[in-house]
Amino acid sequence: MEQKKNWQSFGELNKSEAYNKEVENEFKEDLPMVEDHSGLLNAKAPRRDFLKFLGFSTAAAAVAASCEMPIKKAIPFANRPEDIVPGNANYYATTYVQDGDVVSVIAKVRDGRPIKLEGNDLSPITGGGTSARVQASVLDLYDTARLRFPTIAGKEATFEAIDSAIGGELNSNAVIVTSTITSPSTKAVIAQFLAKYPGSKHVTYDAVSYSGMILANEASYGKRALPSYHFEKAKAIVSLSADFLGTWLSPVEFARQYAAGKKIDEKNPAMSKHIHFETVASMTGSNADEKYLCRPSEMGAIALGILNAVKGKEITGVDEKLKSAISAAAHALIANQGAALVVAGSNDVNVQILVNAINDAVGANGTTINFGVAANYRQGIDSEFAALVDDMNAGKVNAVLFHGANPVYTWPAADKLKSGLAKVKTTISFSGKLDETTAVCKFVIPDHHFLESWGDAEPITGHISFIQPTISPLFKTRAFQDSLLKWSGASADYLAFLKSFWSAKLGGEAGWNKAIQDGVINPSLANVAGASVNGAAVANAIAAVSAKKPSTKIELALYQKVGIGSGQGASNPWLQELPDPVTRATWDNYIIVSPAMAKTLLNIDLNNPGQADAYEVQPPKKVVRLTSGKTVIELPVLIIPGTHPNTIGIALGYGRTEAIGKAVVGTGKNAFPLSSFNGQTVVLDNADIKLELTGETYPVALTQTHFRYDTTQGNRTEIMKELTLAEYKHSPKEIIEERANEYRGQIMGGEKMSDEEVVANFAKDATIYPVYDRPGIKWGMSVDLNSCNGCGACVVACNAENNVSIVGKPEVLRGHEMHWLRIDKYYSGDLENPNVVFQPLMCQHCDNAPCENVCPVAATNHSSEGLNQMTYNRCIGTRYCANNCPFKVRRFNWADYSGADSFPDNQEGIVNDVVLNMSDDLTRMVLNPDVTVRSRGVIEKCSFCVQRLQAAKLDAKKDSRPMVDSDIKVACQQACPTNAINFGNANDKHSAITKVRVENPNRSFYVLEQLHVLPNVTYLAKVRNAEEHAEKAEAAHKA
Amino acid sequence: MTILRSLAKIVAIFLFITLSSTNGNQLLAQDGKALFSQNCASCHAVNKKLTGPALAGVEDRWSEKKNLYAWIKNSAAFLKTGDPYANKLYNEYNKTAMNLFPSLTEKDIDAILVYIKSVPAAGAAPAGGAAGAAAPAEESDSTLVFGLLTLILAVVSVILLQVNSNLKKLSDDKSGIPSTEPVPFYRNKAYIAFIAIILFIVGGYMTTVGAMNLGRSKDYQPEQPIYYSHKVHAGVNQINCQYCHTGVYQGKQATLPSVNVCMNCHLAINEYKGEALKRENGDVVDGTAEIKKLYKYAGFTEGQAWDASKAKPIEWVRIHNLPDHVYFNHAQHVNAGQVACQQCHGEIQKMGEVKQFTDLSMGWCINCHRQTQVQFKDNGFYSIYEKFHADLKSGKIDSTKGITVEKIGGTECQKCHY
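Respectively, the protein sequence lines represent chains A and B.
For the first sequence, counting from 1, position 205 maps to 207 in this note's numbering; every step adds exactly one.
For the second sequence, counting from 1, position 119 maps to 393 in this note's numbering; every step adds exactly one.
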């Protein structure tokens, strides 16, 4: 077969000199030692100095250690609550809610503190999956920037004072502005409030709105709502730039459904086909089987083209390249009539009407799209908010109450909004932080964090998810609903309201208790219904789209990052340091350009090794000034393959006010002013921009090229295996064959063995070391690259579970990030539009680990259960292990990131404010008490969540029974929305991990297997359902 | 010498462990007194009305023994039968329902009744607590003897050396060999070298031992806010450890009892009438005054109803401290491993204020893990170790040694450090 070439960086693609030099070094910078060749005695740190240091440190240690032992107190409860055992965790079902995003979760509460969120398996929507933002939200609870008390005009006030002041001001024409509310009880509370004050209304405002879709559905079907989607039923998926795995509507739900269609049964291989039209490289596009690049302004023409093609008409108005792409998409849709689905990310009503028409034509309605059950994730209509802004400016509004929405930051015409707000007498904000909108409000009554709240949510009609508090409110905060109830004259508080609201529906107290315990109520049967399209609306949309000519200039597409969203994640250090799946950059936003535009705009030709290196090796990137009307913003530029040559992308959600947390200081610029309101919806594309080089540079903390290290024995690019479905069907044993041919020579008598025998015997026959018994338990992990979409939920889950430190931008720039689990991004193929594979890489727990035998103090060694153990208290920080690790998964604490040392000098002036803030007493409440907080100078790495393994074994021992799969889920596995990660006891014939390995012999492989390090992690090769490779493969085989 | 001494200590520790573990088993023996303390004592006394009636002569008050059994096992159910005496009792004690004891067998109840009979009537002072079992072998401290011997021998050898050199000088003079000027011993290089080496060895040894003992606190016995005697509670009154340390079977921490647990009994027990309490230094402690201290924390005024919400936590001084990088779980040892409390905490049932029994060093942990067998046959968890089961059967593994904690990986780093 044709050798596929995978690459992670441009230097690697070109085999440039600088690249070759860099991969020889383990660490990015030189070691902190003075090179001196003048001999030992003449060295700058001669023997006398050495003795001085030795003497001083011994004396210092003796003085420090001989201090008296501190007296510690053991303080029991005065009255111990019945269900709390100190030191044991309790789990409570609750719900993550954020601006319409709803994910049912289980909160792990340890000694009264929620410290980790896990997906709730009982929810059929998410099936126990989570996202990076859900995982990180527990840190927001302990955010030091949270508002600690209510204020009037910036001065602390009591709730009573606020209530009486507002009682005096509220009379009529009050407007409640919220982000999407999925809570039925909250809506009832709002209705009560509105009834009390005549002329009042509730306006839903979403920062990134789906108004286009909602209005299109109204035009097409007469329903002003979003349908629920069933990606798992779709065999052909066409996405017009909808990032449904990352940020579009309900990514956790869709990722799970999508992965179901991508799971491969080796005996009967089949999978869904996903065709993606991409403007700027996105996470969903990276996972697509086929990806075509287009301009944002071409979306309408493409939708129209597909509509025409599926109806057998001619495709017009697009160039040849797109024409063939459109016909390929239409071909796939027609071939899968009744199991096809088209989604579009555009907020243009006409484009969405055309998409509705396509879905209607390919039989999606009633199969993959369900209009019988509405999805409530987004309900905002942009024009309603625009009208409100006009009303405020006209002085027609007496009071505005903001909850969840932050339009001063996100509304395109923020200045007009601000001037309007100045004319409103009573402005009230319920934000938990002093965000941009709250800063201009008179009354601030901070709401609880969701982990402190009661509540409910109905993400999809009929599916209810409940919120219960997992900790008493940390500060003087009050639920938004409580305030409204009070002001509408109700005597009951929100909890009583909620309870009576549901008890009636659930059959009394018992039903309520059960619902709170489970966290969810699921409808008995999914009600799938079709809908018929309004033909006149389609005709109008066709006319409107045809009249609009695609731009010929450079266009801008604004997008959201998986972690930051429209700014909700900006103040969370875990999310800021999470490498963006697409760019692998942290702590900033930037302009994304294609390699082609790099040539014209930046004068960087990536095919020229020298210029590629100049761009890639040093962090500072060229800064470009973007002008659009009156808005000017300067941002550094990143070159990301897979972006349209004439389109640039900028992430939303950056450039937030510094009042919301230390993490936003100096990170990026606000791109919302580049969006616009077109009279109907907010448009996140902009075709009226001008770009010019400023001549300056700005460092961007990119991690794509970090932890690269090639040796003569193994090149890191080989650790990823990818093939197409056609190749796989043609020769399913291809990977086994490849592995066998490579190792046959290393085994005695290997020539006579079959491929399977070679692979099976490689572990024990290709070595002179004895094979160790693993009686009882042998831990193993399996990662399915076909399911992994790179979303990063596992990375943040690992941060939370294992107390992994945040290091801050300056340290990431030096390659010092501490993530135990990283998601590598590999490219292959065309530089302008390459294929992308994500590969999560953590410690492989090699049975023949190279790190173990180089440790001079045996701080890392192997357990009888197959764990590569890292003992922090024994580590002296030689970093030999990290040097010898072929996967570069070991991390060194270069500074005291965690605040674990007792010497302040190890932090101050070394780490930045964000990192310092992570060791604040409040922030530290998020730490997992079962995991040691590592101090400076020690190595750490993935432990396979050993604390969970030990707990699972103990649970089984307490019940006197063998351990089963359900006892244990490691953090990354638990967080994964697509079940890409399997973990368990490989000695147990009934465990899931054994099943995965037995059922997928053809796709299984170990990374860098030829080194004979014997990893305990198996990977299942990525299979792409792509046409061109299939044809090529067949041609190659015929030849 | 010190080595000998520590050897003697190790021997003593083993003796202690063996002795105390047998003691632990004895504790489990269920006699009437223990059953009474565990089940009845929080509401009843033998000669005194508490939450419930005084139990002296209880058998005579009930018409039939059968009814008494039924009443004790399930008082609520028995009340419903309409028994007049039971209903009278119920009403007399403000309709306070008696706890249910479905787990008590008739044999157990008989044992309790026997115990109740054995208690002398009020006024007669109870006999002093059973004297402790054979005290552990006193370690014989012979350091002084050996030290004196060494000193004498050293002096003798120095004198002999001096004599020897004088004699040599004399003989040299006699045979006419010119003698060198004698070097005083403090400038003699051999002496200096010898002393330096001795100092280095002794100093090095002491530094090492001292350094190893840093952060260890064997025999730590701080003064607590309340003089709480385990001897009185767990020893004399045979209260089960778990009655107060409720977490010991369930989780990481054994947990200290909250004030309401203390008050379960001390609502009724407001004075100490047992054997005089003494601190290690001989000071006498007034037990009743200590109970009053508890009342202060509990916010309880005698003669009035107690409002549990008034209680304030007691700030005990923590004795057993492990470093942050050590994971220790009580349930693992006490529940899964069936280790007796005394194995690590010493004869706690004989301690007044608690004293740290072991040094809690890693060597001490590891030693135990090397020698202690897991519940290999009794705990279903270990059924997955098929090879070991087969080896035990075939005799490949010595069944007297059995499967130790070490054998299943109990001395590996990440069993305790993560």
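Since the hints were made in silico from the structure, they are not lab data.
Please note: incorrect hints may appear among the correct ones.
Facing chain B, according to a computed beta carbon distance under 10 Å, are these residues of chain A, among others [stated by the list, open to error]:
hint : residue
1    : Ala76
2    : Val773
3    : Pro777
4    : Leu869
5    : Val948
6    : Gln949
7    : Met965
To list a few chain A residues with every Cβ distance to chain B over 12 Å, as calculated [stated by the list, open to error]:
hint : residue
8    : Gly263
9    : Gly422
10   : Lys692
11   : Glu736
12   : Met750
13   : Arg776
14   : Met872
Computed from a predicted model, the values in this text were never measured in an experiment.
A virtual CB, placed ideally from N, CA and C, is assigned to each residue, including glycine.
Checked hints:
Taking 10 Å as the C-beta cut-off, the interface hint given for Ala76/A holds, the closest approach to chain B being about 4 Å. A distance limit of 10 Å between C-beta atoms decides the matter here; for Val773/A the minimum to chain B is near 14 Å, and the interface restraint is violated. Checking Pro777/A against chain B by beta carbon gives a least distance of about 5 Å; that is within 10 Å, so the hint holds. Because the beta carbon of Leu869/A sits about 6 Å from the nearest beta carbon in chain B, less than 10 Å, this interface hint is met.
Interface restraint check for Val948/A: the shortest CB-CB distance to chain B comes to about 5 Å, inside 10 Å, so the restraint holds. Given hint, Gln949/A at the interface with chain B, holds; its Cβ is 6 Å from that chain's nearest Cβ, closer than 10 Å. Taken as an interface hint, Met965/A checks out: its beta carbon lies about 7 Å from the nearest beta carbon of chain B, inside 10 Å. Under the 12 Å C-beta cut-off, the non-interface status given to Gly263/A relative to chain B holds; the minimum distance is some 36 Å.
Separation of Gly422/A from chain B is adequate, the least Cβ-Cβ distance of about 51 Å exceeding the 12 Å criterion. Residue placement check: Lys692/A keeps its beta carbon more than 12 Å from all beta carbons of chain B (closest about 56 Å). Look at Glu736/A: its CB is around 36 Å from the nearest CB on chain B, clear of 12 Å, so calling it non-interface holds up. Residue placement check: Met750/A keeps its beta carbon more than 12 Å from all beta carbons of chain B (closest about 27 Å).
Arg776/A, annotated as away from the interface, has a beta carbon of chain B within 12 Å; the closest lies near 10 Å. The non-interface label for Met872/A is inconsistent with chain B: the shortest C-beta to C-beta separation is roughly 8 Å, within 12 Å.
Hints 2, 13 and 14, counting from the list given before, are not met by this structure.
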